[in-house]
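Enquirer: Below, each chain spelled out in residue letters.
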Amino acid sequence: ELKVEQNPLFLSMQEGKNYTIYCNYSTTSDRLYWYRQDPGKSLESLFVLLSNGAVKQEGRLMASLDTKARLSTLHITAAVHDLSATYFCAVDTNFLYNNNDMRFGAGTRLTVKP
Amino acid sequence: NAGVTQTPKFRVLKTGQSMTLLCAQDMNHEYMYWYRQDPGMGLRLIHYSVGEGTTAKGEVPDGYNVSRLKKQNFLLGLESAAPSQTSVYFCASSYGGSGRPSSYEQYFGPGTRLTVT
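Chains as they are written, first to last, in the numbering used here: chain P, 49 to 162; chain A, -3 to 113.
No lab work stands behind these hints: they were computed from the structure.
Among the clues, some could well be false.
[What the hints assert, rightly or not] Derived DSS-like pairs (lysine-lysine); straight-line CA-CA distance at most 30 Å:
1. P/161 with P/116
2. P/65 with P/104
3. A/66 with A/5
4. A/53 with A/10
5. A/5 with P/65
6. P/104 with P/89
7. A/67 with P/89
8. P/89 with P/161
9. P/89 with A/10
10. P/116 with P/51
11. A/53 with P/89
12. P/116 with P/65
13. P/116 with A/67
14. A/53 with A/67
15. A/53 with A/5
16. A/5 with A/67
17. A/10 with P/51
18. P/89 with A/5
19. P/51 with P/104
20. A/66 with A/53
[To be verified] Simulated DEER-style distance windows between Cβ atoms:
21. A/24 with P/62: 27 to 37 Å
22. P/58 with A/3: 32 to 42 Å
23. A/68 with P/74: 31 to 41 Å
24. A/10 with P/107: 41 to 51 Å
25. A/47 with P/99: 24 to 34 Å
26. P/63 with A/79: 36 to 46 Å
27. P/126 with A/47: 37 to 47 Å
28. P/123 with A/12: 47 to 57 Å
29. P/123 with A/37: 37 to 47 Å
30. P/100 with A/8: 45 to 55 Å
[What the hints assert, rightly or not] Which chain P residues face chain A? A few, computed with CB under 7 Å, are given here:
31. 51
32. 53
33. 56
34. 87
35. 90
36. 91
37. 94
38. 96
39. 136
Glycine is no exception: its CB is placed at the ideal position from the N, C-alpha and C atoms.
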């Protein structure tokens, strides 16, 4: 069964600092997703990573994928308050089972303090 | 474009009642998904569809049924609601697999907050 684990689950950081959120998954998957959710809101897609070594950057966020280690990272550079939100990673099992079952991590609640 | 819309936004049901949640998308997406989100947890996939007339079970399908009679609509039904189905329900859609990352990107609706008493 595909399991997705994120850490840390809670992250409080100061503005201007850097930090990394980790996402481990248990079985082979070639598609890794990162989402952002603000309190009481829906989810916003940040990145879709399709292959080993894929790296994507948008503003202060950079995501990478290592399919051999079954690990994705979301790196935050010089955090600002606007980045405060919950970040989820997710993987799907299409490659393995020819379906589109999705599994989400529990989320990392990020708080950026001035 | 409205994107992905969900109806209703809020609903309170009594145990044993039934209801249908409607999801509509105007992006001509092939794939559609229903998720539930419980407090402090990530989303869990209930059912999904890879095209009109097709549906499949996700991680937590028990107690729910779905239908995709039209490409733009995906309905989620609760036949006999239970308190354990109290949750926020999100619908999402995506273009479908074409090899490009953007084709897998999921667009989410605003959610339906359901309470079963």
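Enquirer: Run every hint past the structure and note whether it holds.
Expert: We went through each hint and held it up to the structure:
| no. | hint | result |
| --- | --- | --- |
| 1 | P/161 with P/116 | 35 Å, violated |
| 2 | P/65 with P/104 | 20 Å, holds |
| 3 | A/66 with A/5 | 21 Å, holds |
| 4 | A/53 with A/10 | 25 Å, holds |
| 5 | A/5 with P/65 | 38 Å, violated |
| 6 | P/104 with P/89 | 24 Å, holds |
| 7 | A/67 with P/89 | 26 Å, holds |
| 8 | P/89 with P/161 | 21 Å, holds |
| 9 | P/89 with A/10 | 25 Å, holds |
| 10 | P/116 with P/51 | 16 Å, holds |
| 11 | A/53 with P/89 | 25 Å, holds |
| 12 | P/116 with P/65 | 29 Å, holds |
| 13 | P/116 with A/67 | 37 Å, violated |
| 14 | A/53 with A/67 | 18 Å, holds |
| 15 | A/53 with A/5 | 24 Å, holds |
| 16 | A/5 with A/67 | 22 Å, holds |
| 17 | A/10 with P/51 | 33 Å, violated |
| 18 | P/89 with A/5 | 12 Å, holds |
| 19 | P/51 with P/104 | 23 Å, holds |
| 20 | A/66 with A/53 | 18 Å, holds |
| 21 | A/24 with P/62: 27 to 37 Å | 44 Å, violated |
| 22 | P/58 with A/3: 32 to 42 Å | 34 Å, holds |
| 23 | A/68 with P/74: 31 to 41 Å | 35 Å, holds |
| 24 | A/10 with P/107: 41 to 51 Å | 46 Å, holds |
| 25 | A/47 with P/99: 24 to 34 Å | 25 Å, holds |
| 26 | P/63 with A/79: 36 to 46 Å | 42 Å, holds |
| 27 | P/126 with A/47: 37 to 47 Å | 43 Å, holds |
| 28 | P/123 with A/12: 47 to 57 Å | 49 Å, holds |
| 29 | P/123 with A/37: 37 to 47 Å | 24 Å, violated |
| 30 | P/100 with A/8: 45 to 55 Å | 47 Å, holds |
| 31 | 51 | 11 Å, violated |
| 32 | 53 | 10 Å, violated |
| 33 | 56 | 14 Å, violated |
| 34 | 87 | 12 Å, violated |
| 35 | 90 | 5 Å, holds |
| 36 | 91 | 5 Å, holds |
| 37 | 94 | 10 Å, violated |
| 38 | 96 | 4 Å, holds |
| 39 | 136 | 5 Å, holds |
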